[in-house]
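Top line first, the protein sequences correspond to chains S and X. Heads up: the first sequence runs through residues 33 to 202, numbered per my numbering. Heads up: the second sequence runs through residues 5 to 814, numbered per my numbering.
In case anyone wonders, no lab produced these hints; they're calculated from the structure. Computed from a prediction, not measured in an experiment: that's the story for all the values here. Do not take every clue at face value.
[Stated by the list, open to error] Just a sample of chain X residues kept apart from chain S, beta carbon distances all over 10 angstroms, derived:
| id | residue |
| --- | --- |
| 1 | Ala241 |
| 2 | Thr339 |
| 3 | Asp440 |
| 4 | Thr477 |
| 5 | Pro648 |
[As the list claims (entries may be wrong)] With a straight-line cut-off of 20 angstroms between C-alpha atoms, the simulated SDA-like cross-links for lysine to any residue are:
| id | chain 1 | residue 1 | chain 2 | residue 2 |
| --- | --- | --- | --- | --- |
| 6 | X | Lys473 | S | Gln118 |
| 7 | X | Lys498 | S | Leu88 |
| 8 | X | Lys473 | S | Ser78 |
Note that the Cβ used here is the ideal one computed from N, Cα and C, for glycine as well.
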Amino acid sequence: MMTDKMERTVMSFSDEVTSRHGGETLTACYQCGTCASSCPVAKLDSSFNPREIIKLSLLGEKEEVLSGNAIWLCCSCFNCQERCPQKVEIADLIYALRNIALEAGHSPSIYSDFASALMNEGRVVSISKFVEKKREEYGLPPLRPVGMEALNKILSATGFTKPEKTEATK
Amino acid sequence: MEHPKIGVFLSDCGKQLSEILDFDAMTNFVKNVPNVTLIARDSEFWRGKGLQTIIDSIKDKKINRVVVAETLPKLSEVHIAETVENAGLNPYLVEVIDLKDHCAWPHRATPKEATEKAKAMLLAAIERAKLLEPIEKLEFPALKSALIIGGGIAGMQAAVDLTDLGFQVNLIEKQPFLGGLAARAGHFFPTDDCAICIQSPSSDVKTITHTSRKCVYRSGFSELPNLKILTNSRVVAVEGVPGNYTVTIEKKPRYVDESKCIACDKCTTVCPVEVPDEYNAKLKTRKAIYMNVPNVHPPVYVIDESVCRFHDCAKCVKVCPTNAIDLDQKPEQVTLNVGSVVVATGFREFDSSAIKEYHYDDYPDVITNLELARMIDGFGPTGGAIIRPSDGKPAKKIVFIQCVGSRDRRYNPYCSGICCMISLKHASLIKSAVPDADVSICYIDIRTTGREHEYYYERAREMGIKFVKGRPTEIYADTETGKLIVDVEDALLKRFLDLEADLVVLAPAMIPAEGTKELAEILGLELEADGFFKEYNAKLRPTETKLRGIFLCGGTTFPKDAPTASLHAHSAAMKTAKFLTSGKIVKDQRTAIVNEDYCGDCEFCPVTCPYGAISLEPTTEDHFVARVNDLLCEGCGVCVGTCPLNAIELRHSRPNQMWAQMNALMSINGTSKPLVLAICCQECGHTAVDSSGMAGMQYPANVRVMKVPCAGIVRVDQILGAFKAGAQAVMVVGCKSDGCHYEVGSDKAEKKIDLAKVLLKEYGIEPERLEMFKMVYIEGDKFAEAAQMMTERATKLGPLKLMVTEGGEI
Numbered sequence: 033m034m035t036d037k038m039e040r041t042v043m044s045f046s047d048e049v050t051s052r053h054g055g056e057t058l059t060a061c062y063q064c065g066t067c068a069s070s071c072p073v074a075k076l077d078s079s080f081n082p083r084e085i086i087k088l089s090l091l092g093e094k095e096e097v098l099s100g101n102a103i104w105l106c107c108s109c110f111n112c113q114e115r116c117p118q119k120v121e122i123a124d125l126i127y128a129l130r131n132i133a134l135e136a137g138h139s140p141s142i143y144s145d146f147a148s149a150l151m152n153e154g155r156v157v158s159i160s161k162f163v164e165k166k167r168e169e170y171g172l173p174p175l176r177p178v179g180m181e182a183l184n185k186i187l188s189a190t191g192f193t194k195p196e197k198t199e200a201t202k
Numbered sequence: 005m006e007h008p009k010i011g012v013f014l015s016d017c018g019k020q021l022s023e024i025l026d027f028d029a030m031t032n033f034v035k036n037v038p039n040v041t042l043i044a045r046d047s048e049f050w051r052g053k054g055l056q057t058i059i060d061s062i063k064d065k066k067i068n069r070v071v072v073a074e075t076l077p078k079l080s081e082v083h084i085a086e087t088v089e090n091a092g093l094n095p096y097l098v099e100v101i102d103l104k105d106h107c108a109w110p111h112r113a114t115p116k117e118a119t120e121k122a123k124a125m126l127l128a129a130i131e132r133a134k135l136l137e138p139i140e141k142l143e144f145p146a147l148k149s150a151l152i153i154g155g156g157i158a159g160m161q162a163a164v165d166l167t168d169l170g171f172q173v174n175l176i177e178k179q180p181f182l183g184g185l186a187a188r189a190g191h192f193f194p195t196d197d198c199a200i201c202i203q204s205p206s207s208d209v210k211t212i213t214h215t216s217r218k219c220v221y222r223s224g225f226s227e228l229p230n231l232k233i234l235t236n237s238r239v240v241a242v243e244g245v246p247g248n249y250t251v252t253i254e255k256k257p258r259y260v261d262e263s264k265c266i267a268c269d270k271c272t273t274v275c276p277v278e279v280p281d282e283y284n285a286k287l288k289t290r291k292a293i294y295m296n297v298p299n300v301h302p303p304v305y306v307i308d309e310s311v312c313r314f315h316d317c318a319k320c321v322k323v324c325p326t327n328a329i330d331l332d333q334k335p336e337q338v339t340l341n342v343g344s345v346v347v348a349t350g351f352r353e354f355d356s357s358a359i360k361e362y363h364y365d366d367y368p369d370v371i372t373n374l375e376l377a378r379m380i381d382g383f384g385p386t387g388g389a390i391i392r393p394s395d396g397k398p399a400k401k402i403v404f405i406q407c408v409g410s411r412d413r414r415y416n417p418y419c420s421g422i423c424c425m426i427s428l429k430h431a432s433l434i435k436s437a438v439p440d441a442d443v444s445i446c447y448i449d450i451r452t453t454g455r456e457h458e459y460y461y462e463r464a465r466e467m468g469i470k471f472v473k474g475r476p477t478e479i480y481a482d483t484e485t486g487k488l489i490v491d492v493e494d495a496l497l498k499r500f501l502d503l504e505a506d507l508v509v510l511a512p513a514m515i516p517a518e519g520t521k522e523l524a525e526i527l528g529l530e531l532e533a534d535g536f537f538k539e540y541n542a543k544l545r546p547t548e549t550k551l552r553g554i555f556l557c558g559g560t561t562f563p564k565d566a567p568t569a570s571l572h573a574h575s576a577a578m579k580t581a582k583f584l585t586s587g588k589i590v591k592d593q594r595t596a597i598v599n600e601d602y603c604g605d606c607e608f609c610p611v612t613c614p615y616g617a618i619s620l621e622p623t624t625e626d627h628f629v630a631r632v633n634d635l636l637c638e639g640c641g642v643c644v645g646t647c648p649l650n651a652i653e654l655r656h657s658r659p660n661q662m663w664a665q666m667n668a669l670m671s672i673n674g675t676s677k678p679l680v681l682a683i684c685c686q687e688c689g690h691t692a693v694d695s696s697g698m699a700g701m702q703y704p705a706n707v708r709v710m711k712v713p714c715a716g717i718v719r720v721d722q723i724l725g726a727f728k729a730g731a732q733a734v735m736v737v738g739c740k741s742d743g744c745h746y747e748v749g750s751d752k753a754e755k756k757i758d759l760a761k762v763l764l765k766e767y768g769i770e771p772e773r774l775e776m777f778k779m780v781y782i783e784g785d786k787f788a789e790a791a792q793m794m795t796e797r798a799t800k801l802g803p804l805k806l807m808v809t810e811g812g813e814i
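Take these sequences, add in the hints, and give me the full structure.
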């Protein structure tokens, strides 16, 4: 039938990225490098280069993109996104890649540490003696304990407490 | 109307068709159709003996309607119509159908069913022929004169061509001097010669060698007797019709009499007002009375009224040896009568200051290619020296940045196409003049697609110009040295470079000339999304517009280099000449006509007509009616499909003719399948049916094809009527949206189909029985597939149940 011709059976990695929230603009990239020269991180750490991450994603180098450290180095300054002549939403795209990586079981341990801390203590950063003392010095009231019952409801309603490794556990 | 006497001529295409179709059965059928007075059979009717039979039948048997079943109707009907006319019958009383590609070939496997379809096709042609009316030929006068708007390279070339051909040409230029953008460019690629060089007129200008090209000012161009040049002028109104426009032009005062000025320069010496010279990239100043450069045309000074002190000073008046200066000159309105208009308004540089990170407004040493061109030009402000505008010192380190605002979805998504070549040309010119200059070009992709263009890239590499593949993120001034730094990643090296520069040259996008939008409104033309003028058809009619009589050339349709602008200008001149050369416009009256008694002055049709052919005119004090201008009407019928009161018809596709055709097509089935009516536009839709037949693609014979001028003519009541006539499914086949031969017809049809689907639902008819298809001629396979699909759909849905109301109507 003439209506069904375009149906695709295999989804490429770039399709996977563009179907994600934030990843839609991937294919607009023509590798001009404005993002790279705009990037404060890339200038300090050669393992991170937004142009390269986009190129690898376009070429379908899924493993290399997801398992490496690069996508976690973006500092979300949005300089690249502001200046990209093709309106590629580069910072958003990197978030999309991080989400895919997380689902595939690739994430630096600090992210799961944050998640556990949130679920157990209600805070990403635990209250330390240092913080308490500083607050006292500035005349700030002590931090109040988090309402764990309410928080847990929110976390489970939003799916935060579900095991993440959807792809890896398959 | 006289009593129709119809002659039916059946061609079996050299016995090919009779192997499939039963010609005896068809003949017997046609014989009994009322008004058919003659049937002839032969192997062909569009040339030779067959054609003679038609002539004889008209002359001797006195038939007054001709129905021919012939192969290749789009070709054969031309011969037949011409012959019919010579035999004394109006050529529009002819109906030609194609029994081969529309019947025998696609239904080869089911000859009996094909024969029944052939009968229906013949009946439809006969019924339509009965109702056809003679169509008259109309003649409109065309003045042998043209207005060319824009005195740049394209406008000047078109002017030379048209004056050479004997037309009266009026060339108007908004600026005080001719030459446009090209004249500012200094040098041209790929000829490496001067930008103010044009083709010399070949007509009778004394002392000018004809075969040569020359600078504008010595080409003799301005001395052509049938060329009138108006500078400092702009179009404020265009009225009238193709062939006879009245153009109102506003000519700003020059304050210097063109017939007296001898360009002696005394006035500028005494003028006390000095302002930055915009034309020369503000690299120098000029006086209030000035010329851009010494070699301009006209060689006459002009006063900048925004800065001149006029009678408070008047020093120039006192020194002028010829009394050429007149400070009391007033703006003039000039009225011209011309047969056609050529738009050659060109393009300009995008304002680079929009891209803040390049600091075009902040750093004087960041300039554009056009400003650099002024620097390179020997007549320019620096006499050809490449300097830093900030301190006037020689610039040794020069960085070019490509694609500034072009290929940029935030500003202009398109590639301007010529900027790579401009930068390559400039970089090489700098390198030739200053061999130790350090020149880099930051690019995204280098595009050198013209003849000899790649050589510029080669030569630049040989000369040692550096290429950096990367678009810089920023230009900043070093806080200590004050030097400009271009921050770029060389993507090939994956390395960040901080390129130091004395001078940064931006290659901005090229965008439509100032005032393009206003001019489009004055002329009634459309612009594309990119802001440039829309041509009638980019492939085949690149210099024409949807309005006969108005032509485009040069950068009006897109940025062009000089050779392409030149080609375009010659083409526009040729089309203009062709349009005006006979002094008249001949066209047939296959146009729309309004029944003024029904017209409800609702303004739908004047707004919908893509050609501006319909206007509302007053009849009584409070009533207006739509009237069609036969010259402007192209006969598409989009107005017909739009009129809510059915008050407008096409003379050659009247509703009664269409109903008769439709009812006839649906009156015979002869197949076991449900009848499907395919209403096809005569452009791509109907020819897609041809091509499916030519290629022998198969679809069932229950699919019946009805030709209409444009899908836009189809009315909702006709679609409902098709179901009433017996169709179990209806398909409307039109051109692709951007390929509609009548601009908007296909899209209008699609909207109407959506509306009709809603109505069908109300009537209890499944909306899937109706579908719109858009295709081009070569997509015969798509038509065959669609026909098959609609047949299957109708079969699946089962017989149509019509709700019958008390009056017996659906």
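- prompt: Just checking, Asp440 of chain X versus chain S, shortest CB gap more than 10 angstroms?
  reply: 28 angstroms, holds
query: Between Lys498 of chain X and Leu88 of chain S, does the CA-CA distance stay at or below 20 angstroms?
result: 14 angstroms, holds
- prompt: Given the hint that Lys473 of chain X pairs with Ser78 of chain S, does the C-alpha gap stay at or below 20 angstroms?
  reply: Given pair Lys473 of chain X, Ser78 of chain S holds - Cα atoms ~18 angstroms apart, limit 20 angstroms.
- prompt: Are Lys473 of chain X and Gln118 of chain S close enough, with their CA atoms no more than 20 angstroms apart?
  reply: 16 angstroms, holds
task: Report holds if the minimum CB distance from Thr339 of chain X to chain S is greater than 10 angstroms, and violated otherwise.
output: 47 angstroms, holds
query: Any Cβ of chain S at or closer than 10 angstroms to Ala241 of chain X, or is the non-interface label fine?
result: The claim stands: Ala241 of chain X keeps its Cβ more than 10 angstroms from every Cβ of chain S (closest is about 40 angstroms).
Check on Pro648 of chain X being off the interface with chain S, judged by Cβ distance over 10 angstroms: 33 angstroms, holds
- request: Check the non-interface label on Thr477 of chain X: least C-beta distance to chain S beyond 10 angstroms or not.
  value: 4 angstroms, violated
When each numbered hint is compared with the structure, a violation occurs for hint 4 only.
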